[in-house]
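Add chain E to chain X, keeping to what the hints say.
Line by line, the protein sequences are chains X and E. Going by my numbering, the first residue of the first sequence is number 1, and it counts up by one from there. Going by my numbering, the first residue of the second sequence is number 1001, and it counts up by one from there.
Zero decoy hints are in this set.
The following residues of chain E were derived to be distant from chain X, with all beta-carbon distances above 10 Å: (1) 1065; (2) 1101; (3) 1178; (4) 1181; (5) 1203; (6) 1211; (7) 1242; (8) 1244; (9) 1247; (10) 1248; (11) 1285; (12) 1293; (13) 1316; (14) 1321.
Going by beta-carbon spacing under 10 Å, a handful of chain X positions derived as facing chain E: (15) 48; (16) 95; (17) 139; (18) 151.
DEER-style ranges, computed between Cβ atoms: (19) 1213(E) - 2(X): 43 to 51 Å; (20) 43(X) - 1211(E): 28 to 36 Å; (21) 147(X) - 1211(E): 36 to 44 Å; (22) 1284(E) - 17(X): 33 to 41 Å.
For the record, the hints were derived by calculation from the structure and aren't laboratory data. Don't be surprised by glycine CBs; every beta carbon is placed ideally from N, CA and C.
2 protein chains.
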Amino acid sequence: MKLHELGEFGLINRLRRYAVVDPDQVVVGVGDDAAVLRAPSSKLMLLTTDTLIEHADFELDFCDFFSLGWKALAINLSDVAAMGGIPRAAVINLFLPPTLEVEDVDKIYQGLQSIAEEYHLSLVGGDMTFSQQLGISIAVTGETCSERYVLRSGACVGDVIAVTGDLGAAAVGLRILQSGVETTERWEVYPVARFWRPQPRLHQAQVLQQKLSLHSLIDVSDGLASDMLKLCQASNVGCQLEVGKLPFHPHTDYWAGKLGIALEEVMLQGGEDFELLFTFPADEQKILADLNISVTVIGKIIPPQQGCWQVYKDGKKISLENRGYDHFRAQS
Amino acid sequence: MKLHELGEFGLINRLRRYAVVDPDQVVVGVGDDAAVLRAPSSKLMLLTTDTLIEHADFELDFCDFFSLGWKALAINLSDVAAMGGIPRAAVINLFLPPTLEVEDVDKIYQGLQSIAEEYHLSLVGGDMTFSQQLGISIAVTGETCSERYVLRSGACVGDVIAVTGDLGAAAVGLRILQSGVETTERWEVYPVARFWRPQPRLHQAQVLQQKLSLHSLIDVSDGLASDMLKLCQASNVGCQLEVGKLPFHPHTDYWAGKLGIALEEVMLQGGEDFELLFTFPADEQKILADLNISVTVIGKIIPPQQGCWQVYKDGKKISLENRGYDHFRAQS
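Next comes chain X alone, as it looks inside the complex (with noise of 0.2 Å):
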């Protein structure tokens, strides 16, 4: 069934079955004209939103519809882990054409749904309008833990740079998608897994929070290079990233070489992999031994004059810099 067929009001009461409440969070869900939450049991509160919109954010021929509500919920929960927080609830924003099956918006709310229950989040309500693109926008409120927030803008001089996980999986997974590779199963590729169902990383920033001083934390959306300036740029510091060092998962190698894909090009500049990009004194560095998640540490922080470069073993600095997507340009 085609959306203009069901109507609006058909549709919000379709998709209510979708919602997710936590009862120690909601006070009143969906269906009145504001959620009515508890506050935050920590004094302060986060609030954060993105927007994935159709040919300028991702071609659905290349994402499914349940993906689709996946990564547009997860993009802002990465945001909530890069400040160290534990997110709450959420509003969610569709765009949609009205010539839309009704089962595709089912799916995209199944994906919203799914990561919502993973994570602990609730779903209080949200707003729908027609469009010719399809478009999803998400409003995501949590909470710190007790009074401890972690800034882009902290980072000192001599502090080690770590990341979490590996780099470059979600760029390659795309370019697998976009190069037509038949698979027998596109889930069991892992850097496609990582295109389309990337994976907030929320636990990992509580561990680092309780077991480090962590002095700055962003996540790794962009690409490292810009979201790595961008920390720099913030703090007032310089950097040396140590490109023989960066993490990478074996799969994402492989396909790399298979497609012809700088490996080294997509790590730094590939972005969406929404890792954890932070930033401690070196003599924490000890303890990462024992934190049982995933961290590599690739590089350190230098004074700003000293400016901001990839390093290689031997010897060879390059300045660092933004090749990242720029939204408005790549239209033009």
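Using the frame of chain X, we list chain E on its own:
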């Protein structure tokens, strides 16, 4: 200058000047992964979201850029008013055609800034993406005064139904703009001002909540009939609206006559007035005279099995029907 000439990051830097920050509320505003806000002083917080998309919700022919920013935020603040709450912070998502003039984006933000300052709201972040259609999607957090909030589901048989301000103005205003009637200064035309720059009834909601035992509260966004029916459905009651008592502004009447519009029809079905529709115990009617805000009693709540009616002075009754706008059906 066109947006694609400035670029995404250039635009973000340019728009920072429009941030509105109440230091009592905002710990970290624009520029990190998420905003950090002080938690509500009451134990309850509100969260709501609304969207305006070109062609679906507005046409630029009939709405200037400043008013678009104003209106997008006003409809969210009206939702907070309709819960009896106080707005605190907003995040803004913009959907921008890359060929849009940068100065027009400035005007949207000037509208946002203007209403944010007027209603003591902080603008703490957002996201932007390119899109074929211009659009704006906003999420607002708020708090309740004390532990109280007012739902649409609390109406009781015997309650008086009342509405703030006057009805039908916004719909007549849009028709004035569509008709191409030349006026010396459009801003001097009352219905046009009501359409272009709606005023959320936040102050009125506070007064009503303090002085009356409000049983139910909703804002008139889709039209009196539509919103009254939603209130009745949520409360499981019927209603009797006295058409002869519906409040209108003399300029709305004048322009409706001039354009051949049935005033009664736009008051019942027109929408976008963003007045407050509420019910309270009949024995509190005498309090209304001392409220010092514009309020009109327009009917009463009756048992659900008696239905929902619009009644006339001569005793004629017509079943109350929602002939408001349905996004998806309207576009089929």
